[in-house]
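Start from the sequences, fold in the hints, and give me the full structure.
Note that my numbering numbers the sequence shown so that position 247 is 248, with each residue one more than the last.
Careful, some of the hints might be misleading.
[What the hints assert, rightly or not] Taking CB as the label site, the calculated pair distances span:
#1 Gln270 - Gly237: 29 to 39 angstroms
#2 Asp256 - Arg314: 39 to 49 angstroms
#3 Gly394 - Ala421: 16 to 26 angstroms
#4 Gly237 - Cys318: 12 to 22 angstroms
#5 Gln344 - Pro205: 14 to 24 angstroms
#6 Asp256 - Ser337: 45 to 55 angstroms
#7 Asp256 - Gly45: 49 to 59 angstroms
#8 Gly237 - Ser337: 29 to 39 angstroms
#9 Gly333 - Gly140: 28 to 38 angstroms
#10 Ala421 - Gly45: 36 to 46 angstroms
#11 Gly394 - Gly333: 29 to 39 angstroms
These are computed hints drawn from the structure, not numbers from a lab. These figures come from a predicted structure and were not determined experimentally. For each residue, glycine too, the CB sits at the ideal point set by N, CA and C.
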Amino acid sequence: MSHADTQATINHYLAHCGADASQGREQPEYLGLGLRKRHQLLQGNPALAAEWAQQYAHWSVHADSHYRCLTSTREAEAPWYRLGVKDTVDVAGMPTRLGLRSYRHYPQRSAEALTFLDPRIALTCKVATTELNIAFGAGCRNPHFPTIDPSGSSTGSAVSVAAGLCDISLGTDVLGSVRWPASHCGMVGLRMTQKAESLAGVFPLSPRMDALGWVTRSADDLDLLFPLLGLEPLLGEQQPLKDRYRVGLLEHALDPALTSPAMLQMLAQARGAFTDLGMAPAEVAMPDLWACRGDAWQLCARDAWLASAAWMRRFDCELHWSTQSALKVGEGVSDSDYQRIQQRMDRVRGGIDAWFEQAQVDVVVFPMDPNRPFDRRNPQPGDSTIPSPAEPGYDQKISFTPLASFSGLPAITVPICLSADGQAPLAIQIMGRRDSEQQLLDIAKRVQATVGLLQTRRLQV
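What follows is the structure, given as structure tokens:
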């Protein structure tokens, strides 16, 4: 076959290998509605669900081809809401791949967190994750902020919601794995209180910090769906809702040597929103917990390295270079340091309630990161997702997300504004006491009602 014939054959295949391009390339209009409005319309006219399902079917094949966030799907007849599940969480009848190219298992039962879903929520897909939760990248594209890296191991959870392929997605958050991709896609991400009993059927990375996490487009969307997730057996007795919450602003994050001007300006805007809500923040310090940010990364690295021998026997596949780099960091954590970190965690968690009482706050607010989200047009910094203490800029790399992780507390990330160039979403985290998920949703809803949702375009692919 001549060179010209080869090119013609390839071009012919590429022209015909995708879905019908004549329809469905623009996001259906109904996906632009908030879930509360969609709920009202469905209550008044349940037949809309079938009409919308048909529109979704045309959109989804184009959207996933472009944004690359789904790993497997299953049919659902006219669901009211679509749920995606991170591919490290077991779903009966669907393969769990753990982000590995040459591994899968087929669980006999779904994870505990998926046991009591309301019938109106259809579990329709598994979503992409990074290799074993610790590698770079899962190949997803950021729908609304294409220059921003949506990485974090729950990247598929955030991208699938941002693309309108899911209304809500379940991920896991160890050191920010839900909060980072959610914030980088302009979404809301909730890390739940760390509880071992909630993690049955979830691949363990660092068992003392692993936590469930949820992504939705807005806090109001998550607030609407939260009662339908059937989480009551896992939630525990929730902190009470209040007319006004006592808000602390983390003073450590106000250091201009650590936090960039753009993030400090965003934080000032958030501070103004809380003040407008009658909840003016008071600056608070958390010196004991702040000093443990690096310990959280070291604990995760050591846990991953200790488990790696069992992984390799089971998976029998070559790991990505960034996975190996992360494990190398864990290998360097000594047994004595590992024991010291766990003892330190016990002390921090044992005293965290007393700290909230003494500080007289219900929640603590701080930026999502010291800097704006990473721009994928620039080279990826570092050679591991887990920073080593010897690396330059370590204090910035360990970031702010470990505060909730090390203390086992819930935290929600809320987008506040866009960067000066309009290319990146900038977000805060709100960290609450144990079992304060309902409080965090309440506060996040009020903040978003004050600052508004980020302006995003209707997607076309």
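Now the hints, each set against the structure:
Take Gln270 and Gly237: their Cβ atoms lie about 33 angstroms apart, and the range 29 to 39 angstroms holds. Hint check: Asp256 to Arg314, Cβ distance near 45 angstroms, so the stated range 39 to 49 angstroms holds. Between Gly394 and Ala421 the beta carbon distance is about 22 angstroms. The supplied range of 16 to 26 angstroms therefore holds. Judged by the Cβ atoms, the range 12 to 22 angstroms given for Gly237 and Cys318 is violated: they are separated by roughly 38 angstroms.
In this structure the hint that Gln344 and Pro205 lie 14 to 24 angstroms apart at CB holds, the actual value being about 21 angstroms. Roughly 31 angstroms separates the CB atoms of Asp256 and Ser337, a value that falls outside the hinted 45 to 55 angstroms. Here the CB-CB span from Asp256 to Gly45 is close to 52 angstroms, well matched to the stated 49 to 59 angstroms. In this structure, Gly237 and Ser337 meet the distance hint of 29 to 39 angstroms, their C-beta atoms being roughly 34 angstroms apart.
Taken as a hint, the range 28 to 38 angstroms holds for the pair Gly333 and Gly140, whose Cβ atoms sit roughly 29 angstroms apart. Roughly 43 angstroms separates the CB atoms of Ala421 and Gly45, a value that falls within the hinted 36 to 46 angstroms. In this structure, Gly394 and Gly333 break the distance hint of 29 to 39 angstroms, their C-beta atoms being roughly 18 angstroms apart.
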